[in-house]
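Work the whole structure out from these sequences, hints included.
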Amino acid sequence: MTDKKLTLPTEHCEECPAFYNLEQMGIKVGNFDRVVALAGNPNTGKSTVFNALTGLKQHTGNWPGKTVTRAEGGYQFNGVRYKLVDLPGTYSLLSASQDEEVARDFILFGQPDCTVVVTDATALERNLNLVMQVMEITDRVVVAINLMDEAKRKGLEVDARSLSRDLGIPAVPITARTGEGIRTLLATIADLISGDIVTKPLRVGGTPEFQRAVNELAPMIEATAPGIPNARWLAIRLLDGDSKVQQALVSGDLAQLVQRQSQADMQFSKKMSVEGRQ
Amino acid sequence: MTEQTLSPNDILIKAEALRGTLSTGFRDEIVKSLYSEAEMIAKRAVKTVLNKKYDFDQKIDRLVTSPIVGLPIMLILLTIIIWLTVSGANVASAAIANALFAIGDWGRALFNSVGFIPWWVTGFIWDGIYLGLAWVISVMLPPMAIFFPAFTFMEDLGYLPRVAFNLDWLFKKTGAHGKQSLTMAMGFGCNAAGVIATRIIDSPRERLIAILTNNFVPCNGRFPTLIMLATVFVAAAFPPALTSFIAAGTVVGVVLIGVGFTFLASWVLSKTILKGEASAFTLELPPYRRPNFSRILYTSIIDRTIFVLWRAMQTAAPAGAIIWILANIHTGDSNLARAISDWLNPFGLLLGLDGVILLAYIIAIPANEIVVPTMMMVYMGTGMMVNGPGTSAGIFDLLVNGNGWTMLTAVNLMLFALLHNPCATTIMTIYKETKSLKWATVSVVMTLGTAFLVTFTTASITRLLGWV
Chain Z
1 MTDKKLTLPT EHCEECPAFY NLEQMGIKVG NFDRVVALAG NPNTGKSTVF NALTGLKQHT
61 GNWPGKTVTR AEGGYQFNGV RYKLVDLPGT YSLLSASQDE EVARDFILFG QPDCTVVVTD
121 ATALERNLNL VMQVMEITDR VVVAINLMDE AKRKGLEVDA RSLSRDLGIP AVPITARTGE
181 GIRTLLATIA DLISGDIVTK PLRVGGTPEF QRAVNELAPM IEATAPGIPN ARWLAIRLLD
241 GDSKVQQALV SGDLAQLVQR QSQADMQFSK KMSVEGRQ
Chain F
1 MTEQTLSPND ILIKAEALRG TLSTGFRDEI VKSLYSEAEM IAKRAVKTVL NKKYDFDQKI
61 DRLVTSPIVG LPIMLILLTI IIWLTVSGAN VASAAIANAL FAIGDWGRAL FNSVGFIPWW
121 VTGFIWDGIY LGLAWVISVM LPPMAIFFPA FTFMEDLGYL PRVAFNLDWL FKKTGAHGKQ
181 SLTMAMGFGC NAAGVIATRI IDSPRERLIA ILTNNFVPCN GRFPTLIMLA TVFVAAAFPP
241 ALTSFIAAGT VVGVVLIGVG FTFLASWVLS KTILKGEASA FTLELPPYRR PNFSRILYTS
301 IIDRTIFVLW RAMQTAAPAG AIIWILANIH TGDSNLARAI SDWLNPFGLL LGLDGVILLA
361 YIIAIPANEI VVPTMMMVYM GTGMMVNGPG TSAGIFDLLV NGNGWTMLTA VNLMLFALLH
421 NPCATTIMTI YKETKSLKWA TVSVVMTLGT AFLVTFTTAS ITRLLGWV
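Heads up: the sequence lines are chains Z and F, in that order. Just so it is clear: in the first sequence, position 158 is 158 by my numbering, and no numbers are missing. Just so it is clear: in the second sequence, position 441 is 441 by my numbering, and no numbers are missing.
There may be inaccurate statements among the hints.
Computed footprint of chain Z on chain F, listed as stretches where at least three residues anywhere in the stretch have a Cβ under 8 Å from a Cβ of chain Z [as the list claims (entries may be wrong)]:
1. 7–20
2. 42–50
3. 131–145
4. 198–212
5. 281–288
6. 404–410
Here are the simulated lysine-lysine pairs, BS3-like style, with alpha carbons at most 27 Å apart [what the hints assert, rightly or not]:
7. K244(Z) to K435(F)
8. K47(F) to K32(F)
9. K432(F) to K271(F)
10. K32(F) to K275(F)
11. K435(F) to K271(F)
12. K275(F) to K173(F)
13. K43(F) to K200(Z)
14. K432(F) to K275(F)
15. K438(F) to K244(Z)
16. K244(Z) to K32(F)
17. K271(F) to K438(F)
18. K173(F) to K271(F)
19. K59(F) to K244(Z)
20. K47(F) to K200(Z)
21. K271(F) to K172(F)
22. K172(F) to K275(F)
23. K244(Z) to K275(F)
24. K200(Z) to K32(F)
25. K59(F) to K154(Z)
26. K275(F) to K435(F)
27. K432(F) to K57(Z)
28. K47(F) to K154(Z)
29. K432(F) to K244(Z)
30. K47(F) to K59(F)
31. K59(F) to K435(F)
32. K154(Z) to K435(F)
33. K32(F) to K43(F)
34. K14(F) to K43(F)
Derived Cβ-Cβ restraints for the label pairs, each shown as a range [stated by the list, open to error]:
35. T178(Z) to P204(F): 34 to 44 Å
36. D10(F) to E125(Z): 38 to 48 Å
37. Q256(Z) to I362(F): 37 to 47 Å
38. S194(Z) to K438(F): 46 to 56 Å
39. A424(F) to R212(Z): 55 to 65 Å
40. E157(Z) to F281(F): 27 to 37 Å
Hints listed in this document are in silico derivations from the structure and should not be mistaken for laboratory results. A quick note: this is a predicted structure, and the numbers were derived from the prediction, not measured. Positions of the beta carbon are idealized from the N, C-alpha and C atoms, including for glycine.
What follows is the structure in C-alpha cells.
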C-alpha cells in the first residue's frame with residue numbers, strides 16, 4: 001500500500017481551517033443564517049465531515065448505523081453563519097427504521113437551504129440512488145464524493161466533473177479525514193445557496209401520464225396544507241398508495257411533522273449525540 | 001375544479017382515481033430507470049486504473065468471518081482486551097486507592113487538629129462523602145481508562161460489523177434481529193447507549209427484544225465490579241503469576257454467561273410475548289480503516305470514561321453520606337446500618353449474598369454500578385477497619401475474615417451484578433425509546449427476576465452439594 005498524496009493541486013495550508021475563513025462554532029447555533037443538512041448512505045463519513053466543519057466531537061465509528069440521532073452544530077464561512085445538521089445514514093427515502101426516518105423527515109420537511117449528500121467514492125453507483133432520490137425532492141443538492149483517499153488506494157479514479165455534468169448538480173471530491181476538498185465544498189454550498197450556482201437536477205421522469213397525475217395532485221396537497229414543502233414527493237407517495245403518508249395527511253400529522261423539524265431532536269437524544277456520549 | 005373546500009379525503013379519492021390512469025407497476029419502472037441511470041452515470045464517472053481485486057481487506061475478512069475460526073478469533077480478541085484491562089487496572093487501582101485513602105487520613109487528621117470542628121462534621125465529610133468518592137474512583141477509573149480506548153479502537157477499525165456477521169445465525173435462531181449484536185456491543189460501553197442504538201433495527205418486535213435484553217451484557221460501569229471480584233476471589237486461589245490470566249478468564253466467562261442470557265431471553269421473548277420470525281437484513285462490511293488515535297483518546301477518555309465516572313461520583317457522594325449517617329445513628333448497642341443489613345440478611349443469604357450487599361444495592365439504586373464500592377463502605381462504616389484498603393489482600397481480609405464471605409458470595413455477586421435491573425438512566429432511556437411504561441417495567445421485572453432466580457438456584461445447589 002502506497003500512501004501517495006492525491007493529484008489535486010492542494011497546499012497544506014488549504015487544509016487548515018484558519019486559512020479559508022472557516023470559524024468552527026461548535027454547538028452555539030442560536031443565531032444562524034442558513035441550514036445545511038448532511039445526508040448519505042450509512043458509513044460514508046457524514047459525522048467526520050460534521051466534526052471537521054463544526055469543531056465538535058460527534059462520535060464516529062467504522063460501522064453503518066453509528067449515528068442514530070440528529071446532531072446539530074454550527075460554522076461560519078465568509079461571514080455567513082450556517083447551522084449544520086448531521087443525519088443518520090439511509091439507503092433510501094422510503095426506508096422504515098427509526099434512525100432512517102429521522103433522516104428522511106428532515107430532508108423532506110426540515111427545509112434545509114442546502115442538502116449535502118455525502119457519498120462513498122468506492123461505491124458510487126449504489127450511493128447515487130439516494131442522491132437521485134434527494135434530487136427528486138429538492139434542487140439544492142451538492143454531492144460530496146468522500147473517501148477519495150480510499151478510492152485512490154483501491155485503484156479507482158473518480159471524475160467529479162463527469163458526475164456533476166450528468167447529475168446537473170455540483171459534485172465535490174473530498175477526503176473528510178484529512179480535510180482535503182473541504183474548502184471547495186464550503187464555497188460550493190455558499191454559492192449554491194446564494195444562487196451563484198444554478199442546478200439543473202436530472203429527474204427520471206416516468207411516463208407522461210405519471211407526470212400529469214403528479215402535476216394534478218401536488219397543487220391540491222399544497223392547497224390543503226399551505227407551506228408544506230415537497231408536495232410533489234407527497235403526491236408521488238400517494239399515487240404509490242403509501243399508507244403512512246395517507247394516514248399522516250388525514251390526521252393532520254403532516255403539518256405537525258413540518259413544525260417538529262424546526263425544533264431540536266428529542267432533548268435527551270440530542271445530549272447523547274451532540275455531546276458525543278454514545 | 002374548485003379548490004376552496006378541499007379536504008384530505010378529497011385528495012385521497014383523487015389520488016385513487018389518478019392511480020387508475022397509470023399502468024400497474026408504474027413506480028417499479030421509475031425505480032428501475034433510476035437504478036439504470038445511476039449505473040450509467042457511475043460508470044462514466046469512475047475509472048478503474050489499477051485492478052487490485054484480491055486486496056488485503058478481503059484476506060482478513062475471510063479469516064475473521066470464517067465459520068470455523070471466526071468465533072474463536074472473536075473470543076481471543078475479547079480475552080486480550082479484558083486481560084489488558086484486568087492486568088493494567090490491578091496495579092493502578094491499588095495505587096490510586098492508597099493515594100486517595102492517604103489523603104483521607106491526612107484530611108481527617110487536619111480537621112481533628114483544628115479543634116473546633118465537631119466530630120460529626122469530620123466524619124460526615126471524610127468518612128462519608130470522601131470515602132464514597134475514593135472507592136468509586138479507585139475501583140472504576142482504571143478499568144474504564146483501559147477498556148474504553150481498546151473498545152473504541154476496535155469500533156474505529158471496523159471490527160463491529162464482522163462481529164454482527166459472525167453472530168447473525170445465532171440471533172436468527174433465537175428469533176431476534178442480526179443487528180442486535182451491534183446494539184449488544186454498544187451495551188458493553190453503556191446500556192443506555194445500546195438501547196438508543198437499537199433504532200437501527202426496523203422491525204418493532206425485534207427492536208423491543210434488543211432493548212429488553214441489552215442489559216444482560218455488563219456495561220463499563222459494571223465491569224470494574226466483575227474485575228475486582230474476579231481478582232480478589234477467583235484468582236486469589238491460584239499462584240500470583242497466573243492471577244491476571246485467571247481473573248481475565250473469569251470475567252470473559254461472566255461476559256459469555258451474559259451473552260448466553262441475551263440469547264436465552266431473546267428466544268423466550270420471541271416465543272412468548274413478542275412472537276415472530278427474524279427478519280432479513282443487509283449489513284455492509286466496511287473496509288478496515290486506520291483508527292485516529294487522538295480521536296480515540298478524546299472519545300474514550302473525555303466522553304466515555306470521565307462521563308461515566310462523573311455520573312458514578314454524583315451517586316457515590318450522597319451514598320457515602322447516607323451510609324455514614326446510618327452507621328452513626330445508634331440503636332441500642334448496634335447502629336442503623338447494621339440493623340437494616342441484619343434485617344435483610346436472611347433474604348440475602350437465600351440468594352447466596354448477604355444483608356450488607358442488599359443494603360448497598362438499595363442505596364445505590366440510582367446508579368447500581370456502584371454497588372461494590374457502596375458495599376465496601378458499609379462494611380468499613382460499620383466498624384470493620386481494613387489494612388491496605390486498596391490491595392487485593394486487604395479487601396480479601398475485610399470480606400472473608402471480617403464478614404464471612406465465601407466463594408459463593410463472590411460468584412453470586414458477580415452474577416447478580418451481571419443480571420440485575422438496568423440503572424436509572426437506562427430505564428429512563430427505555431421509557432423514552434418505547435414511549436411505554438409497560439416495557440420499561442418489563443425490562444426491570446425481567447432482569448431482576450432473572451437475577452434473583454439465578455442466584456437463588458446457584459446458592460441452593462452449592463449448599464445442597466455441601467460446597468459451602
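Here is how each hint holds up against the structure:
no. : hint                           : result
1   : 7–20                           : holds (count 10)
2   : 42–50                          : holds (count 9)
3   : 131–145                        : violated (count 0)
4   : 198–212                        : holds (count 5)
5   : 281–288                        : holds (count 5)
6   : 404–410                        : violated (count 0)
7   : K244(Z) to K435(F)             : 20 Å, holds
8   : K47(F) to K32(F)               : 24 Å, holds
9   : K432(F) to K271(F)             : 25 Å, holds
10  : K32(F) to K275(F)              : 35 Å, violated
11  : K435(F) to K271(F)             : 23 Å, holds
12  : K275(F) to K173(F)             : 13 Å, holds
13  : K43(F) to K200(Z)              : 21 Å, holds
14  : K432(F) to K275(F)             : 23 Å, holds
15  : K438(F) to K244(Z)             : 25 Å, holds
16  : K244(Z) to K32(F)              : 23 Å, holds
17  : K271(F) to K438(F)             : 19 Å, holds
18  : K173(F) to K271(F)             : 11 Å, holds
19  : K59(F) to K244(Z)              : 44 Å, violated
20  : K47(F) to K200(Z)              : 25 Å, holds
21  : K271(F) to K172(F)             : 13 Å, holds
22  : K172(F) to K275(F)             : 13 Å, holds
23  : K244(Z) to K275(F)             : 24 Å, holds
24  : K200(Z) to K32(F)              : 22 Å, holds
25  : K59(F) to K154(Z)              : 15 Å, holds
26  : K275(F) to K435(F)             : 20 Å, holds
27  : K432(F) to K57(Z)              : 24 Å, holds
28  : K47(F) to K154(Z)              : 11 Å, holds
29  : K432(F) to K244(Z)             : 22 Å, holds
30  : K47(F) to K59(F)               : 24 Å, holds
31  : K59(F) to K435(F)              : 45 Å, violated
32  : K154(Z) to K435(F)             : 46 Å, violated
33  : K32(F) to K43(F)               : 17 Å, holds
34  : K14(F) to K43(F)               : 40 Å, violated
35  : T178(Z) to P204(F): 34 to 44 Å : 41 Å, holds
36  : D10(F) to E125(Z): 38 to 48 Å  : 41 Å, holds
37  : Q256(Z) to I362(F): 37 to 47 Å : 43 Å, holds
38  : S194(Z) to K438(F): 46 to 56 Å : 52 Å, holds
39  : A424(F) to R212(Z): 55 to 65 Å : 58 Å, holds
40  : E157(Z) to F281(F): 27 to 37 Å : 33 Å, holds
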